[in-house]
Amino acid sequence: MTAILTNPLRVGLRQERVISPQCIVIFGASGDLTHRKLIPALFELFRQRRLPSEFAVLGCARRPWSDEEFREKMGAALADEIASHRTAWEQFAQGLFYEPVDLQQQEHLVRLGQRLEVIDRLRATRGNRTFYLSVSPEFYGSGCRALAGAGLLADPERSRVVIEKPFGRDYASAQALNKVVQACAKESQVFRIDHYLGKETVQNILVLRFANTIFEPIWNRNYISSVQITAAETVGVEERAGYYESSGALRDMVQNHLTQILALTAMEAPGRFDPEAIRNEKAKVLQSARLANEDEPWKCCVRGQYAAGGSLARPLPGYRHEPGVNTNSTTETYVAMKVAINNWRWQGVPFYLRTGKRLPKRLSEVVLTFREAPVHLFDAAGGAPTPNQLILRIQPDEGAEFKFEVKAPGSGMRSRPVDMAFSYDESFGEPSDEGYVRLLADAMLGDPTLFTRSDEVEAAWRLYTPLLALIEESPWQLPVHPYEARTWGPAAADGMLADDGLIWRRP
Amino acid sequence: MAPQLTLQAPLDLPPEEVTPYLQRLWTHDLEGSTGAATFTLLVWEPSWLEQQMVRLGRVDGPITGLLRKELLEAARMAVPETDLPQSTAPMDPRLAWAMGQKGGDHKSQDLRGQFVESAISAHMPRRLITLAPTLDAGHPLETLVAAYCPLPEEGGAGAACGDVVVLRGGMGALKQNLDLIQPLVDDSLPCWVWWNSSLDEPSEMLEALAPLPRRLVIDSSLGEPRRCLDLMLDRISAGQAVNDLNWLRLRTWRESLAMVFDPPSRRDALGHVVQLDIDVEGDHPVKGLLLAAWIADRLGWHLVSSYMVEVDGPGKGITAEFERTDGVGVQFTLMPLPMGAPKTHPGAIVGMRLICEPEHRPPLCVILCSESGGCMRLESGGMASMELAEDVVPLPEESEEMEMARLLSGGHNSTAPLLAAAVPVAASLLPG
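Heads up: the sequence lines are chains H and B, in that order. In terms of our numbering, the first sequence opens at residue -5 and continues consecutively. In terms of our numbering, the second sequence opens at residue 4 and continues consecutively.
No lab work stands behind these hints, which were simulated from the structure alone. Hints should not be assumed to be uniformly reliable.
Chain B stretches covered by chain H per the calculated footprint, using a threshold of three residues with CB under 8 Å from any CB of chain H [to be verified]:
(1) 40 to 48
(2) 187 to 198
(3) 260 to 268
(4) 289 to 302
(5) 408 to 422
As the structure is a prediction and not an experimental result, all values here were calculated from the model. Every residue gets a Cβ at the ideal spot worked out from N, C-alpha and C, and that includes glycine.
One chain only, chain B, in its complex shape (with noise of 0.2 Å):
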């Protein structure tokens, strides 16, 4: 679906009236509409791949905020160019850093806040509110303001409209204004906050926007993978609804295993797994752990041993043992590997093995690969005499904002039970 603008174009307030201005609107202007009874959707959209690769003059204008599929191509070309692995993804933060490490000054329109995916707006938020980082620290705080009601459908009434705001600006700027969030974020309604960005951006910045009850949307696969679990672990921990997408992601992962499993004939075997590996893209683990995390809380496996191990790969790998309820070990690996043509972002699953060994019955080795990756490294060595189930996992085509849609369109005041369960077990299997 095209992205949609908002249907007027924004008012540039000065910041201290941008409060006043949004009630007046309500109560006067707009007499007689109290405006859609949603939710509020405050984005933490710094762009920073965008915005460096629009200041280098590889892609055009204007920054929007959205995934382009001209950004990721030439994010792609522009790897090779940096002192990093082939394997970093196109969304990997450092790409970004080292784009900023060059020279360039083409200027473009900044329209981040003011291009909304129309599966978002199809859900009418009442206040889409953006924090826009500009490269530039210090530039000055620019707060736009836009009404939007969406076009009545024939026969239709009571049209729900909304607001939309854009807070653009140097970190500084921003940071001296957060003050300015609260007031515009109805208590009343549902909010939720999409840090659109790496979990390694300074922490007060998060802090600030993302207090509970808020329902926070995260990427756990953007950061250092000991700061994203650490985190969904101390935000869960605290009752907050956390969404992540990189758990998202792992949806057809889950489905295939579970695929293998729905033969009654197959079901005892998951009481006798023995072994699981998994490969991921890079040296990026957060992924993998969340995978072999859920497997183990779904089997009941309690954690022995975990420790980093050298490998000839892009990062470290994982070793790890877990027990079974009737006190077997399981070993497992997690591998990074090289890719020469990554996914877009870091850590993506290559593949899995999980061997089971039944009594009474002949071993079962379980391999599920993606389609882009194969799994060569899994089929190798020892498994003639098992019963082999191979398949391979599709990749979601969704881009972030319809994973967002999805969220927005039927959220949760808590975290999703599995993910809730996976994330204690993911950063306790994270050595150190």
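Extracted from the complex, chain H is given alone in its bound form (with noise of 0.2 Å):
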């Protein structure tokens, strides 16, 4: 591939919102996320100046790590970054603090709300503070208890709260989870974190289709025939496997990812730009969206497990020979699904959403299929002709694709397929930001766009309630299919889409 040179008056020209002075306060410091996703992402603003100065981060963990030590991992963490930044780095680590905290003990708090008062005077934060909640699930709503209780939260305009996915494990856990934030800290306050959100391109769905005119007068029943959502991954379930047993790929992936972009690609065109009429029509249109089939849910369902496969030279573990995995599992990490959405827009097309570990290559992508040409005045190429597709690529090479029919040169006029592509990376002289960038800086500046509200929670998981019973009261109509590694999961999902007539896209 050619290399693309970049745009040097592209540089430094962003015109970015500017974060205001404040303290982020990161509970589960010495977890992975911190230093893997958070510390990196925040060392990036400040690279980018977008971090003012009067900025400061508080790592809290259970553990006695001194500020001196706290710096010294987030340091060795990113000693490949560092190697190029050393100023910037040094500037940085300045603001880098520790605190050991148990969200369990009162005096921790109360200590803990001491430090932050220190740290605003030594670094003139303004007493403004995001908290970011990088611990275990059930510590959500005890910590935010916490917060509450040591009146931390108790300044709309000056606290916030980010919660990691996920927000609970089914409806009824969601809704008790929600009540418990909701009666600590304000809506406005509360960043449900989605990292899928802070993608280019899928906040560019929202774009594509209003601010241009061509895309929204199809984009509807009357055109589109059906909707494709994939994300595949090409490992396996690594060190997670602790987490990923009791959860699966429907509550890893599609209960938030893939549920968040079906609502983008589905909603209706807000009133205006602003986070909540964006928020609403979100929820409205989860709360239209229902399984294909509710009554018989496992006819619109495929779940499946990836077993031993790759190849002679490099062979990959079955799920259950991987560490950590019950030999028995039934934990699915392939599942394959058909969705309505009962609204006058999207009546009668199907949206198939799927997810899966160890398939053949990494990929996020929407693919809007249209329907075919009334009658088929020319041959095609391939036999038939090829529907036109537009494909929204979330990653990675974000961008845009659209399939049409064109001549094929020579005598006669026989049709076949083209693209018409667009690449982020190539189009703008500069990658795109990491999704932890975009987020941290739109929770540190309290715009709540790109988070989920409590009723798009809520919604996301009524719409599988249907499965997750069924999962839970009798698995064996939802039985998971195995699926050689590297391959595109069980034949069951090519099954379900052959019933309508279709293929998955192979990307």
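Could you use the hints to bring the two separately framed chains together as a complex?
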């Protein structure tokens, strides 16, 4: 591939909104997410001068680290990045602090409040705070209660709390957690993070749909015959077996990431570009969404689990042979389903969602397939004309692609499909930010547009309740089909589409 | 947004009582509140034009220090009555001086320092100190003090508070009492100094108000060009955080030019620029020079020579030659143009043209022009064989106070790298 020159005039030009002076407090600071995602994202914001000089990060966890130890550990985790930005790191690290905190200990919260006041003075962070709960999900509720009890969420203008996924395990637990959280803070202070929403292409779905006149008139059941949303991973369960065994692909990927993409793809136009207007529309479309067959959900869902595969040179173990996984596990690593949206725009248009581990490619995309031309006037090179498709690539190589028929060269009038492609990295002079960079910045700015509201979360869980109940109560009706690692999932998933006369797109 | 008055009428105190009063206020009267841990904003606010226009009865008082629409309209109408060129911008310091030569004695209330734009007060300055020199050079010093607390939001707690201090008087009285300032600035908090006036004013005042590490906000469109650029250069070299509102107003030009070269097919052309022309309003070249300097810095050009040239216009033009990284020369021209209805600040950009001659491809000519100015001059001559990329640059509509509020909302203790890199080039580009 030819290397694309960067645009030197683009450097430093992003007209980003300005993040106010503040302290971001990370609970679970000794965990993976902090050094793999959060600190790198904050350092990136610092390097882009999007963080003010009056900024601090306070890491909190049970381990008795000092400020210096925290800085060293974060520095070690970012060693490669720091090597080329040594001075910037030294400046950034001056704003890193650590406080041993157990959220269940009242006196720790008192100490935390005092430490924050000291940091406010030291770094002029104006009493403005973002609390990031990067802790085990069972502590989300008690963590919020502890913060509220210590008065740290009392000022709705200057305190926010960010909660990682998963937000609940099902509809009932999500409702219960929402009640706890809402008793501690206003909804405007709560930022339920879904890192997929930080991706440019996911946000671009809104711009593509609502900033162009050519798409919106055809973005409905009159022109679109089906929609496929895919999130494929090549990796297996890796070190997450403990969590994954109790979650599975449905809870880990579908209920949050894929459902958010579904909402953005299917929602109505908001009245204005305003966080609440957008979230209202997302919530409404999710409330209209149903499994294609709620009475017999096994007919619109396929579960799978990867078995051994790979090549002779690099064999891959099956899920049940991964470290930490029960050898009789029935946890799904693949799930495909058909969803219907019962509203005027989408009645009769199937939305197919699929996600899986150990698939042949790592990619996420939305594919909108348009209806076929009513009459086939021309012979197609491939036998039958290919329906037009709009493909929104979420990762990797973020961009979009439109497939349409043209005349094949030569005598006669045979048609063949071609692609018209757009790539973010090629078209703009600089690569897109990682999702956490965008989302952390938005949370610190207090902009909730890309975060899920309580009613959205509940609607998303309610959508999958029949499946979760089925898995819980009569799992034999929704068996886990084995599929060879590095293949596109179980044959039953292909069968589900074949019943509708369709096939999955092979990206 | 409507500007906000302080919630409490300020107390007129003798100068020597200001500091003890504030200490007493925070330690006794407002016990339990230490004030907002935010920043100090120190504003040099002479508002000469407004003072003169109010004195002449051309706008109504009170004097607020804000750039009101009526004030700008009155200033535009006043230009033809002076000997200044028609292209003179309302904010040109020479206009205020010219109005000072006219007779008039209308009196008005002076509320400078007490009108705070809500976008600025929303950031809850810990202390807002305004120095308000009066037209009467012999006016004694008046010191006004008020504390404020924003109304607590519903359910809010721990509302942060600050105070407002106004030092008003003749230039002599202000100079004599400069030692009042230092005790009022809390060194543990960031301090911004907004020099809301021409940089031609007495330098000892600026020196006294804006030592390191205070962050300086200036407007390089106000003042003699060489002085503006040298001052920025000196301050940036000394490590001060310098923010130039004139540079910030270039944002849309830089963004528009970058957008032209976003398509990958055009990016290679940036390495083959042979000519750059910039037209500016009137005779103030700094904004145009900063734009040229930014392009030169980003593309790695080296300045070879620079000359003043006589042109048919309100001032002198500048021609210069750069050398690209591959040794090829780039011709640069900055042309001052007479404009019938100039924008608010001197030296606004009217248009720019960039000609590239990439290998094995037709030349590319990029023309950007302002919404109001058009760019007929740049469109003329010899471009028939070139690929033409033309665009109109939108005018930013934000007030000085909004720009200031943006700076205050997330400040930096160092100068933005792009400005820091552009200023030395711009200073070298200005001959003499």
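Checked hints:
no., hint, result
1, 40 to 48, "holds (count 3)"
2, 187 to 198, "holds (count 3)"
3, 260 to 268, "holds (count 6)"
4, 289 to 302, "holds (count 3)"
5, 408 to 422, "holds (count 10)"
Checked against the numbered hints given earlier, the structure satisfies every one of them.
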